[in-house]
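For the protein sequence lines, the chains are A and B, in the order given. Under my numbering, the first residue of the first sequence carries the number 1, and numbering increases by one thereafter. Under my numbering, the first residue of the second sequence carries the number 1, and numbering increases by one thereafter.
Treat the hints as calculated values from the structure; they're not laboratory data. Please note: incorrect hints may appear among the correct ones.
BS3-like cross-link-like pairs, simulated, lysine-lysine; straight-line CA separation at most 27 Å [stated by the list, open to error]: (1) B:Lys192 to A:Lys114; (2) A:Lys308 to B:Lys368; (3) A:Lys284 to A:Lys96; (4) B:Lys368 to A:Lys114.
For each label pair, taking beta carbons as the anchor points, the in silico distance ranges come out as [claimed, not checked]: (5) A:Gly80 to B:Glu11: 53 to 59 Å; (6) B:Trp278 to A:Ala38: 34 to 40 Å; (7) A:Glu172 to B:Thr185: 55 to 61 Å; (8) B:Trp278 to A:Pro37: 29 to 35 Å; (9) B:Tyr145 to A:Glu139: 44 to 50 Å; (10) B:Arg37 to A:Gln249: 58 to 64 Å; (11) A:Pro383 to B:Gly196: 46 to 52 Å.
Beta carbons: idealized from backbone N, C-alpha and C, even for Gly.
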Amino acid sequence: MKSAYDVVIAGGGNAALCAALEAARAGATALILEAAPAYLRGGNSRHTRNCRYMHDGPEFNLVGTYTEDEFFADLLQVTGGETNEALARMTIRASKDLGRWIEGNGVRWQGPLKGTLQLSRTNAFFLGGGKALVNAYYEEIERLGVDVCYEAEVCDILAGDGAPASVAFEAEGTTQIVQAGAVVVASGGFEANLEWLAQNWGDAAQNFAIRGTAYNRGRPMAKLIEHGARAIGSPHEFHSVAVDARGPQFDGGIVTRLDTVPFGIVVNNEGVRFSDEGADFWPKRYASWGGLIAQQPGQVAFSLLDAKMANEFMPSLYPPVEAQSIPELARAMELDPELVAETVSRFNASVQDGTYDPTALDDCRTEGLEIPKSHWARRIDTPPFLAYPLRTGITFSYRCLGVDERARVLVANGEPLPGVFAAGEAMAGNILGRGYLAGFGMTIGSVFGRIAGREAAKHALA
Amino acid sequence: MPSPDLIHEVERQLTVCNACRYCEGYCAVFPAMELRRTFDEEDVIHLANLCFDCRACYNACPYTPPHEYAINIPQAMAEVRVETYREFSTPSFLSRLFQGNTALVGLTALVSVLIVFGSVLALQGGDVVFGELTEEGSFYRVIPYTAMILPALLLSGWWLAVLAIGGVRFWRSTNARAGDMIDATSFWRATKDAFGLEYLKGGGDGCDYPGPAKSNARRWLHHALVGGVLLDLFSTTVAAMYHHFFGEDAPYEYLSIPVVSGAVGGVLIVVGGLGLLWLKRVQDLDPANRRMLALDYAFLLLLLLTSATGLALLSLRGTVTAGTLLTVHLGIVAALYLALPYGKFAHVVYRYASLIRYHVEMEREAEKTAG
């Protein structure tokens with residue numbers, strides 16, 4: 001490692017690597033400061049599996065077309081309008097050459113994974129998933145001569161007026177300084193910073209699982225905000241889904257998520273239902289359940305099913321808790337058996353006969369419940385009965401740095417902070433202020449990572 | 001059968017994989033896994049033998065150690081395969097003796113060479129053993145035709161029989177139907193996968209072997225090795241025809257078909273074998289399985305010795321060492337044939353059977369989806 005680089009990049013995931021690739025190809029010397037050790041490198045990108053991008057026709061394994069307007073309409077729908085249209089449209093247009101660019105950097109494609117056919121037109125899948133992509137990029141930046149320092153967490157960024165910036169980072173137990181012609185902040189969000197989560201969520205924060213890396217602690221972002229950078233998005237909000245409560249606190253990734261909800265009922269730890277489990281198709285609903293469970297006492301819930309539904313969903317990582325009767329099942333989950341039995345029998349009594357069809361919004365629904373189940377409602381009456389404990393699994397946080405189209409970090413009055421750029425989750429909230437669109441995090445990270453890398457190199461070499 | 005602990009461990013790992021499925025595009029293991037929700041012993045054995053040990057999944061996996069899920073599919077599958085080779089090859093006492101026992105394989109080779117050499121010396125005399133072998137029929141002066149061909153036929157019959165019995169037992173154990181073995185489409189697809197080393201291609205760039213970077217080295221070296229073995233088989237067959245139909249006896253002229261094909265085959269085996277040994281030396285050991293490695297070394301070394309002595313015999317047949325080289329060469333071949341069905345070579349049978357079964361299953365699944 002040298003004492004000065006043209007471009008210093010905080011972070012080691014997709015956005016950081018895209019920035020490094022572009023900066024190095026623009027002739028800049030570059031350093032990646034990755035907070036994680038080498039075997040955990042790659043941030044949340046290591047848990048991703050695809051990238052959404054615009055295309056005019058079939059490309060690689062992608063079928064059909066995906067236009068700017070359709071893409072933007074999808075984004076508007078999930079964000080409810082919480083997006084910066086200019087930045088969003090720029091990102092969508094710039095995504096058009098991502099397929100070839102990503103492949104050009106050693107990533108290979110595969111068809112949509114089984115059970116994800118709904119994404120076959122919009123999302124291209126990385127062969128082997130996100131960690132394979134991360135590995136390919138690391139191999140490529142090594143060829144380009146980019147230096148990488150692992151277990152190096154950026155703790156401060158001091159940008160001068162036109163002068164080179166200083167980046168402070170903690171490594172091997174000491175604080176070290178490296179000089180930078182320009183800085184790219186691509187160190188993710190702050191969802192793994194449990195202390196900060198607790199500031200907004202109190203004790204409940206202890207009950208959340210962080211689905212991705214334990215190293216997204218948000219320090220570079222927080223320091224820049226402290227130094228006057230403009231913050232975008234609410235610090236209280238995050239994207240979350242229902243995960244198996246038995247999973248690890250960090251890094252459970254894709255495997256702990258459960259697709260059981262639409263096939264049974266969900267009760268909280270008081271044995272009571274709290275939301276319509278069959279409101280819509282699961283891909284459209286799964287992201288709301290993280291928040292719903294976060295609102296329940298103890299931030300836990302229990303998905304209850306019977307034998308009829310045991311094979312209707314993707315195989316689960318942890319086996320279900322099984323029992324021959326509902327009270328027995330409740331006791332196994334340490335719930336009040338009478339309350340749960342009461343909830344189940346009221347639900348069963350309200351189920352209307354219909355034709356069950358998991359591939360359609362069928363006519364199996366309840367009648368007369370204050371919280372209905374609108375589709376796929378079937379009586380829970382066939383033993384063995386099954387239960388999965390659920391908790392909130394946070395995918396990412398929305399609060400981030402305000403940026404412009406050149407990925408420059410903005411200060412409160414809207415002026416850019418000289419020589420400081422942001423990419424990936426550290427700025428994704430500008431475009432994705434709410435909700436989520438599958439594979440769009442990788443789109444933002446790739447587009448802005450590339451822009452940040454080019455702009456940072458240009459700034460440093462000017 | 002593999003120990004219940006091992007089966008349970010693979011089942012645990014596959015349950016994590018089945019909830020993830022990111023590696024679906026790498027090979028046959030994952031699509032076959034996705035047809036199942038639970039994994040019992042026969043599933044584990046079937047899936048393990050489908051695994052080519054390309055290691056792409058290991059490097060792509062976010063759950064490898066030290067993650068608490070501790071996923072290491074290549075290593076676990078290799079462990080099951082080692083057990084498969086041991087359990088399905090008869091007789092079990094020999095199978096147990098040879099397994100993972102490189103020293104014993106070496107000792108067998110040595111004893112075998114000494115027996116051949118000793119018998120020739122005792123029965124034929126020193127001037128034969130220490131004489132040059134150039135004129136036609138001179139090989140049979142060292143070892144008379146019957147003495148050469150009978151043990152060769154017996155030993156060939158031996159390893160073929162052991163492997164055939166193993167294959168049938170393996171096929172039965174996976175609860176596959178007997179008729180599936182002769183499903184033409186699946187048989188053809190399995191053949192293409194096997195001879196093309198389809199699942200070492202890793203999407204075109206090769207597999208993660210010897211290290212995490214993609215490389216086609218292993219695939220090409222394996223092709224060289226297999227090509228060499230097939231050429232040598234061809235050479236031996238042609239020589240046998242010369243002997244039976246044309247009355248021409250070994251040694252043959254340098255530019256004859258048996259000598260050219262045998263020599264090229266020998267060189268290919270040496271190149272492929274040494275290359276594969278080198279890759280094993282420099283490989284990333286984290287996804288490797290040490291018991292399988294011992295089988296690999298034993299088989300490759302024996303094969304290399306066979307080729308090296310064969311090539312030495314060819315190039316030195318005009319010298320006084322020729323008789324000795326011939327006995328050494330035949331002794332090594334005898335040891336190779338004896339140990340063949342208990343070591344790495346067994347993968348040919350079990351991998352092939354698993355590939356056929358895989359294509360049968362996929363065909364059925366496609367019919368189900370279509371219907």
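Each hint, compared with the structure:
1. B:Lys192 to A:Lys114: Holds, at about 24 Å.
2. A:Lys308 to B:Lys368: Holds, because 21 Å separates the two Cα atoms, which is no more than 27 Å.
3. A:Lys284 to A:Lys96: holds (25 Å)
4. B:Lys368 to A:Lys114: holds (15 Å)
5. A:Gly80 to B:Glu11: 53 to 59 Å: Cβ of Gly80 (chain A) to Cβ of Glu11 (chain B): about 44 Å, so the range 53 to 59 Å is violated.
6. B:Trp278 to A:Ala38: 34 to 40 Å: For Trp278 (chain B) and Ala38 (chain A) the Cβ distance comes to about 26 Å; the hint is violated.
7. A:Glu172 to B:Thr185: 55 to 61 Å: holds (59 Å)
8. B:Trp278 to A:Pro37: 29 to 35 Å: Holds, since Trp278 (chain B) and Pro37 (chain A) (Cβ atoms, about 30 Å apart) stay within the stated range.
9. B:Tyr145 to A:Glu139: 44 to 50 Å: Violated - the Cβ-Cβ distance for Tyr145 (chain B) and Glu139 (chain A), about 58 Å, lies outside 44 to 50 Å.
10. B:Arg37 to A:Gln249: 58 to 64 Å: violated (27 Å)
11. A:Pro383 to B:Gly196: 46 to 52 Å: holds (49 Å)
Hint compliance for this structure: hints 5, 6, 9, 10 are not met, and every other hint is.
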